[in-house]
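Participant: As a plain string of letters, each chain reads:
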Amino acid sequence: MNEIAISMRGINKRFGKKVIANKDVDLDIYHGEILSLLGENGSGKTTLMNMLSGVYYPDSGEILVDGKPVTITSPKDAYDLGIGMIHQHFKLIDIFTALENILIGLPKENTEKKCRQEVGDICQRYGFDMDLDKKVYDMTVSEKETLEIVKTLYRGAKILILDEPTAVLTPQEITRLFTILRNMRDDGKAIVIITHKLNEVMEISDRITVLRKGENIGTVMKTETDEQKLTEMMVGEKITLDIARDFVENKAKRLEVKHLTVENSDGKKVVDDVTFDLYSGEILGIAGISGSGQKELLEAIMGLQKCDPGSSVIYNSTAHGVHELVGLSTRQIIQYGLHLAFVPEDRLGMGLVGNMGMTDNVMLKRYRKGKGPFLHRRQPEATAMKIKDELEVVTPALDYPVRRLSGGNVQKILVGREINNKPTVLMTAYAVRGLDINTSYAIYNLLNEQKKKGVAVIYVGEDLDVLLALCDRIMVLCSGRMNGMLDGRTAEKEEVGYLMTHLKEEA
Amino acid sequence: MAEHTREPLIRVRKKDEPALLQKAAVILAAVFCALLVSALFIYFVTKLDPVSVYTSMIKGAFGTSRRAWITIRDTCLLLLISVSLAPAFRMRFWNCGAEGQILIGGLTTAAFMIYWGNKVPTAVLLLLMAAVSALAGALWSYLPAAFKAKYDTNETLFTLMMNYVAIQFVEFFVDFWDKKRSHSVGVINMNSQGGWFPQVGGLQYGLNVLIVIIVTVFIYVYMKYSKHGYEGAVVGESVATAKYAGINVPKVIRKNVLLSGAIAGLAGFVEVAGISHTISKETAGGRGFTAIIVCWLAKFNPLAMVIISAFIVFLSKGASQISSDFGLNEYASNIITGIILFFILSAEFFNSYSISFGHAGKEEPEA
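Chains as they are written, first to last, in this note's numbering: chain A, 1 to 507; chain B, 508 to 874.
Worth flagging that the hints you see were computed from the coordinates, not collected in a lab.
C-beta atoms are modelled at their ideal positions from N, C-alpha and C, and glycine is treated no differently.
One or more of the hints may lead you astray.
[What the hints assert, rightly or not] Quick list of in silico lysine-lysine cross-link-like pairs, DSBU-like style, CA-CA up to 30 Å:
| hint | chain 1 | residue 1 | chain 2 | residue 2 |
| --- | --- | --- | --- | --- |
| 1 | B | 758 | B | 734 |
| 2 | B | 762 | A | 306 |
| 3 | A | 213 | B | 522 |
[To be verified] Stretches of chain A that chain B covers, calculated by requiring three or more beta carbons in the stretch to come under 8 Å of a beta carbon on chain B:
| hint | stretch |
| --- | --- |
| 4 | 116-128 |
| 5 | 221-235 |
| 6 | 365-372 |
[To be verified] Chain A side only, calculated, beta carbon under 8 Å to chain B, not exhaustive:
| hint | residue |
| --- | --- |
| 7 | 15 |
| 8 | 107 |
| 9 | 304 |
| 10 | 328 |
| 11 | 329 |
| 12 | 334 |
| 13 | 351 |
| 14 | 352 |
| 15 | 355 |
| 16 | 359 |
| 17 | 464 |
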């Protein structure tokens, strides 16, 4: 067995009276080993690691580094002890180069020349590939992640903590990252990966510690476990990993998107000549690295983005007839009673009003209804009650600010409101991001129900396994262009991953 | 490694929203502490008896029926201005231009009093002046609102600068109307009282109170129950959400800021026709800025503003009384007011966070 790098003993951390983030957690981290910290969202993984990196301070408990008790009250303390954490949201300065980001805040002895040489050594040793003079805003997510790791290593970290490092990477980039992590492990570094992706846990880790509701459920060697057992440890009960996928007959065309092009404020084409049809009774998945135009595509259909001339989106519904959506504002779409439902990626920043309760959020798109200058809250209140009961939303009261609810409840309210209006087309962006397994499945079931009712569903997703299990067809976006349309039942994960990253040549 | 064995001295944690009663208790405790600390200040620095100083404060605000009425009158004016900020502030439009909007409203009122004060029946004139002063205040706020809506300019600076423009306007007209070269217009219609507020229900300031009550209730209902108020709340929370809901964001910004400016203009009318019966660059007297504090302390709730503006006016009346009773200079009484406000603002912190000292192994203290 390797030497112990860090021991955590009896760690407790609470936020307010009700939220117990960590309860009596013991954890050992060894040099020369990759430890996966596995758990659902909200199980306290990140909080626990933040107490090592100096972001939080434990309420009680003890931390030992190399056998000596230590007090970590700031990220600087953590660095001095050789602990470096790579946060899920990178802490980089966009307008600086890689080199400037590495050197920032360090004493003067760290000259540019010294830094270049040492970073060169680090890159060579572990297999990084990096351009030190590139500005951060020109970097891909994967390059930013590399920079964060190199920065941490340059500052002398012997213990690296990575929070959800693969969340935004393509399969190919993940493979490369894992190679690097293995190199670092073989060099004697202690590595902790926070994750909730089982397949990656099985691929990369030596040991796995599972957290559930803030408690350490147990630590197992990778060689002595499998995905099913880990799932049970994570969720506490046996659940099936299958997502239902029915086949719906008699499909009707609901959306006809032709040559849709959207430019951003810099004049760059973020959606570039996208053409596809959407049918009732199907779930169309949209795959792509984040920022490939998914957001803009959905917003353009909803009238929230200005489309270039030549773009066309024909909406065709049995109940409301045929409409050209390009040129209509969101308000007109709502006023004409076109049943387009949209669950945006940014739930509290776009789909809901955080400081309002369920009732006021339910009436967000229909507050104009009813005569006179005053709001009519009775109908929305009944709807809110219905959504609360049917989707099992946990909230103290209908006027309780939704921002104080958990992510799962927030999403249930948003999805509940959108499907309550009996949509013809339902568009969802990252509908299960940040949700625990049970809530995710509740959302998949809701989408499947809508599909069976004949709704045309768009599902923008990031988890390829889910996309392949849930969707009837999968459209792959790459740099704003449609890079492939695959059958969800026959497509291979590698194929989707390849299309996400390799733009096809012009035919 | 010795330096790593220290403990953090103070630990601050966010806590759950406390119950209303608990909140009130914290605020009461803060007031009590403030009185205690002020008492120490009074005793050790000014060598006076704290109890008699506090008695004098209360006397200053409520000692005679005339003083009490002045306190009520000033509370009403501050309340009206604070309420005017609410629709703009809830939209995160930081209107720092109430000062100028009051001046412009007051200036229009003064003009009407000077030119038509003795020609038009009072009731008609009052209605006319109310309408025109509100319109003038609204126009004054329109420029920053339109620029914010169209170009997303910074409204704080823009509204602030509009104040100085308003001051220049007032100075110009004061000189223009000033017949005696006394650098003031004096009391307008001193003898005829043309355009002055009449007594309502036998009360000198009855009309002031009435107008303020009506406007406060109106804004409360507007913000809580009307469709326009709802739109403003959504825009204030997130512009992206507002667009998603099909709300025309620039229009909502313009509408709510116009309303805000109109009420501030109306406050200028109340000040000129109902209280001072004159106009000068001191007419607003910094109330446009004090109102910002009131609005924030009340968390933009018009009903809570009633209590807070009353409290602030009480403090200032009390402070000027003790400075005259005990021959203290204004600064000493301002320090006392400052101590009290400081403690009340800190109470807000204790209502949102819990604090503990010392050892990590200790039990979680009760929040």
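Participant: Decide, hint by hint, whether the structure agrees.
Facilitator: Now the hints, each set against the structure:
1. Proximity of residue 758 of chain B to residue 734 of chain B is assessed by CA-CA distance (about 14 Å); at most 30 Å being required, the pair is judged to hold.
2. Of the pairs offered as hints, the one joining residue 762 of chain B and residue 306 of chain A holds, with about 25 Å between alpha carbons and a cut-off of 30 Å not exceeded.
3. A C-alpha spacing of about 19 Å is found between residue 213 of chain A and residue 522 of chain B, which places the hinted pair at or below 30 Å, so the restraint holds.
4. Given a C-beta distance limit of less than 8 Å, the hint that chain B covers the stretch 116-128 of chain A is violated, as 0 residues qualify and 3 are needed.
5. Counting residues of the stretch 221-235 of chain A whose C-beta lies closer than 8 Å to any C-beta of chain B gives 0; at least three are required, and the coverage claim is violated.
6. Given a C-beta distance limit of less than 8 Å, the hint that chain B covers the stretch 365-372 of chain A holds, as 3 residues qualify and 3 suffice.
7. With a cut of 8 Å, the hint placing residue 15 of chain A at the interface with chain B holds, because the nearest CB-to-CB distance is about 6 Å.
8. The beta carbon of residue 107 of chain A comes no nearer than 17 Å to any beta carbon in chain B, farther than 8 Å, and the hint placing it at the interface is violated.
9. The restraint placing residue 304 of chain A at the interface with chain B holds, with a minimum CB-CB distance near 6 Å, inside the 8 Å limit.
10. At its closest, the beta carbon of residue 328 of chain A sits 10 Å from a beta carbon of chain B; the interface hint therefore is violated under the 8 Å criterion.
11. Among the interface hints, the one on residue 329 of chain A holds; its C-beta lies about 7 Å from the nearest C-beta in chain B, closer than the 8 Å criterion.
12. Interface hint status for residue 334 of chain A: upheld, as the beta-carbon distance to the closest one in chain B is roughly 5 Å, under 8 Å.
13. For residue 351 of chain A, the suggested interface contact is upheld, since its CB lies about 7 Å from the closest CB of chain B, less than 8 Å.
14. Interface hint at residue 352 of chain A: satisfied, since its Cβ lies 7 Å from the closest Cβ of chain B, which is below the 8 Å cut-off.
15. At about 6 Å, the closest approach between the beta carbon of residue 355 of chain A and any beta carbon in chain B falls short of 8 Å, and the interface hint on this residue holds.
16. Hint on residue 359 of chain A is violated. Least Cβ distance to chain B is approximately 11 Å, over the 8 Å limit.
17. The restraint placing residue 464 of chain A at the interface with chain B is violated, with a minimum CB-CB distance near 28 Å, outside the 8 Å limit.
This entry does not satisfy hints 4, 5, 8, 10, 16, 17, going by the numbered hints stated previously.
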